[in-house]
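Given only the sequences and the hints, what does the whole structure look like? Please build it.
Going line by line, the protein sequences match chains P and A. Quick note on our numbering: the first sequence kicks off at 605 and runs consecutively. Quick note on our numbering: the second sequence kicks off at 201 and runs consecutively.
Keep in mind the hints are simulated off the structure, nothing from the lab. Mixed in with the good hints, there may be bad ones.
In silico negatives: residues of chain P with every beta carbon more than 10 angstroms from chain A [unchecked claim]:
no., residue
1, 648
2, 661
3, 772
4, 782
5, 857
6, 869
7, 1008
8, 1011
Straight-line alpha carbon distances no greater than 20 angstroms define the calculated PhoX-like cross-link-like pairs of lysine-lysine that follow [claimed, not checked]:
no., chain 1, residue 1, chain 2, residue 2
9, P, 1017, A, 269
10, P, 661, P, 980
11, P, 1018, A, 269
12, A, 341, P, 1017
13, P, 757, P, 782
14, P, 1018, A, 264
15, P, 708, P, 757
16, A, 269, P, 850
17, A, 269, P, 848
18, P, 848, P, 830
19, P, 762, P, 783
20, P, 738, P, 648
21, P, 957, P, 980
Predicted model only: the values in this text are computed from it and were never measured. The beta-carbon is built from N, C-alpha and C at its ideal position, and this holds for glycine as well.
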Amino acid sequence: MSLIRTAAFLAATALTAVAAPAMAQTEIQWWHAMTGANNDVINKLAEDFNASQKDYKVVVSYKGSYADTMNAGIAAYRAGNAPHIMQVFEVGTASMMAAGKAIKPVHELMKEAGEAFDPASYLPSVAGYYSTVKGEMLSFPFNSSSAVMWYNKDAFAKAGLNPDAPPATWPEVFEAAKKLQGAGYASCGFSTAWITWVNIEQFSIWHNIPIGTKANGIDGFDTEFKINSPVHVRHWANLAELQKTKTFDYSGRTNTGEGRFTAGECPIFLTSSAFLGNVRANAKFAWANAPMPYYPDVAGAPQNSTLGGASLWVMGGKAANEYKGVAKFFTFLSDTDRQAKLHTESGYLPITKAAYEKVKASGYYKDNPYNETPLKELTNKPPTENSRGLRFGNLVQIRDIWAEEVEEVLTGKKTPQAGADAMVSRGNAVLRQFERTVSR
Amino acid sequence: MDKRTVFSGYAIPAALLLPQLLITVIFFYLPAGQAVWQSFQLEDAFGTSRQFVGFENYQILFSKPEYFKAMGVTLVFSSAVAFLSLSISLLLATMANKHIRGAGAYKTLLIWPYAVAPAVAGVLWLFMFQPSLGMVAQLLKRWGIDWNPLLNGNHALMLIILAATWKQISYNFLFFLAGLQSIPHSLIEAAAIDGARPVRRFWTVIFPLLSPTTFFLLVVNITYVFFDTFGIIDAVTGGGPAASTTTLVFKVYHDGKSGGDLGLSAAQSVILMVIVVALTAIQFRYIERKVNY
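As structure tokens, this is what we get:
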């Protein structure tokens, strides 16, 4: 009897001894929106971090699409149980920046936690997007991409086009698309995903024309849209005309139409550079990507492109030791080797200069030039007032409004000018409402 | 012969009523009151700042042509769904009520769709009708129909009407079938002996006797299309193209969720609540008179 009791006692103490350090671990909640191959990348990062030290444990949870994740985070904050780290897409940046005490700026976090942190070691085109005008980094850049033009090399050969000389300008794209239609791609000469991101946001920045005043909203919330310029209207007029013959064929507001490229239906498709993983896995033809096309008569085009993707926001109101863990995790993420690996595996851009240089030096881009296209676009020219980036409140909602107007224009229910004017006036109404709710 | 139970004092009746009252207050009056209160506020998405703006949200709403467009879409959508789902399920119920081989299996299959979540039902229909990959869309294209719900508003509206109808048919079917089975067989036989053919028997005997069920289902279906269909719309069309499938309830959901404008969203839900209460009142006041219990 006493033997059993001793054994039980020993077992119990042994268990507590094992459990004790686990109890002392601080949990860090990380909400994200990554699916497929990129979801595996996130799980692996958390696992590696948890194995690398004993004090903190990063717990990841998938919360649906980018918009869903952001809304879940906002709702959780209102209910008082926000995660520590929340992945927010670039569209939500302005809303997050204006969130006041709901967020913890990354530069503050790193300083308070005493982590080594040099903002200059991050790629300026990436870090600048998530920093204040003064250069203070507010959120941690995680997965960044840009818009590129994907094309089907086999289709080009079939249509008598040179597969190694993709069209560089919009008029050339239109011509190529017409030829491709004649070569068996009748239902779709070319198309784009993310209709407004590609054809309004990236389009404006690539042509060095303003999306809005105040440096596209970066210099103040009292910004107004400028997207009814002659260049914008001409682009919509072209797309609406080509939609009639399906030389251009609309593929919806988000990226759900991307399958039309990999299935071989649309031989030219403009979308994110992070489409790479899917193209690699699913395209049963020779493919490549190229920089976005431009109108050659627009002075200064092509300028540079801007970011897509997401960054990691730290939510406000958490304990100091939890913030310390978050800071440690960010330092872990910034590691050069880790960044280089992330970049080549996921198709997202490296975020530190050292990682970019390392991949470059390894000769990786010679065999995989398509991985460098977005980087070349982002750094094509030094950014101007019009091309530094963009920061509009409630852009998620504004994009839907813009898409509604695009759909009116593409079906001929509105003229391109009337559609573009409505995008401006309806968009401005949302901006004014946002300006009023921002408490500063 | 008075069957009424008489309680002495108020304690027991109050205790018996309490659970139901609590549920009604917690799950209906409190949220509804909150919505009314929120509709007078202007608030940022995180709830860090808040100000009272009176009727401004309502003013904004009624100054926008998009809101009236959504009302029009709702009218078409809700009448189409209510009419189609009621008539198709009545037809199916009369068929299933006959003595046929395997009637049980048919009944079970017809009831199944009700267990499918709205968003999932939406995705199923999306797969079938997706312009470049969907099987039905491919078939339509082969017949020379340029099927494109991404740009053609009528196609998109048809698609969500089909999906929302399909989802509701099982529920209606179940009630119609129960209603049909409770009609005394002798009445139908008597009509048959008098020489009434099946169609005439249906319209003069069965349909009037079924009217309590039909009326109940009408109220339930109107509530369903007004409140319960945003999941389907969100999954299938996202309100597009060009807002041609944006109904009132979808707008409530969308402006509040992706727009983060809770005040405006709350104002819309208050208006929607008023509309549905009015509709139900009208139904009880005028249509119920024609119901034979």
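Against the structure, the hints come out as follows:
1. Taking the minimum C-beta to C-beta distance to chain A, about 29 angstroms, the non-interface status of residue 648/P holds against the 10 angstroms cut.
2. Remark: the non-interface label on residue 661/P is consistent with the geometry, its nearest Cβ contact in chain A lying 27 angstroms away (cut-off 10 angstroms).
3. Once the 10 angstroms rule is applied to beta carbons, residue 772/P is consistent with being away from chain A; the minimum gap is 27 angstroms.
4. The non-interface label for residue 782/P is consistent with chain A: the shortest C-beta to C-beta separation is roughly 19 angstroms, beyond 10 angstroms.
5. At roughly 7 angstroms from the closest C-beta of chain A, the C-beta of residue 857/P falls inside 10 angstroms, breaking its exclusion from the interface.
6. Chain A draws residue 869/P into its interface by the beta-carbon criterion, the shortest separation being 5 angstroms against a cut-off of 10 angstroms.
7. At roughly 5 angstroms, the least C-beta separation between residue 1008/P and chain A is not larger than 10 angstroms, which violates its mark as non-interface.
8. In this structure residue 1011/P is not separated from chain A by more than 10 angstroms, as the shortest Cβ-Cβ distance comes to only about 4 angstroms.
9. Annotation: proposed proximity of residue 1017/P to residue 269/A holds, straight-line Cα distance about 15 angstroms (limit 20 angstroms).
10. With a CA separation close to 37 angstroms, the supplied pair residue 661/P and residue 980/P exceeds the 20 angstroms bound.
11. With a C-alpha separation of about 16 angstroms, the suggested pair residue 1018/P and residue 269/A falls inside the 20 angstroms cut-off, and the hint holds.
12. Taking the CA atoms of residue 341/A and residue 1017/P, the gap is about 24 angstroms. The hint is violated against a cut of 20 angstroms.
13. Note on residue 757/P and residue 782/P: the hinted pairing holds, with a Cα-Cα distance of about 16 angstroms set against a maximum of 20 angstroms.
14. Restraint check for residue 1018/P and residue 264/A: satisfied, since their Cα atoms lie roughly 18 angstroms apart, inside the 20 angstroms limit.
15. Between residue 708/P and residue 757/P, the direct Cα distance comes to roughly 47 angstroms. Violation of the 20 angstroms bound is thereby established for this hinted pair.
16. Proximity of residue 269/A to residue 850/P is assessed by CA-CA distance (about 28 angstroms); at most 20 angstroms being required, the pair is judged violated.
17. Between residue 269/A and residue 848/P, the direct Cα distance comes to roughly 26 angstroms. Violation of the 20 angstroms bound is thereby established for this hinted pair.
18. With a C-alpha separation of about 27 angstroms, the suggested pairing of residue 848/P with residue 830/P is violated against the 20 angstroms cut-off.
19. Between residue 762/P and residue 783/P, the direct Cα distance comes to roughly 10 angstroms. Compliance with the 20 angstroms bound is thereby established for this hinted pair.
20. A hinted pair counts as satisfied when its Cα atoms are at most 20 angstroms apart, and residue 738/P with residue 648/P does not qualify at roughly 34 angstroms.
21. For the hint linking residue 957/P to residue 980/P, the alpha-carbon distance of about 14 angstroms falls within 20 angstroms, and the restraint holds.
Of the hints listed earlier, those the structure fails to meet are numbers 5, 6, 7, 8, 10, 12, 15, 16, 17, 18 and 20, in rising order.
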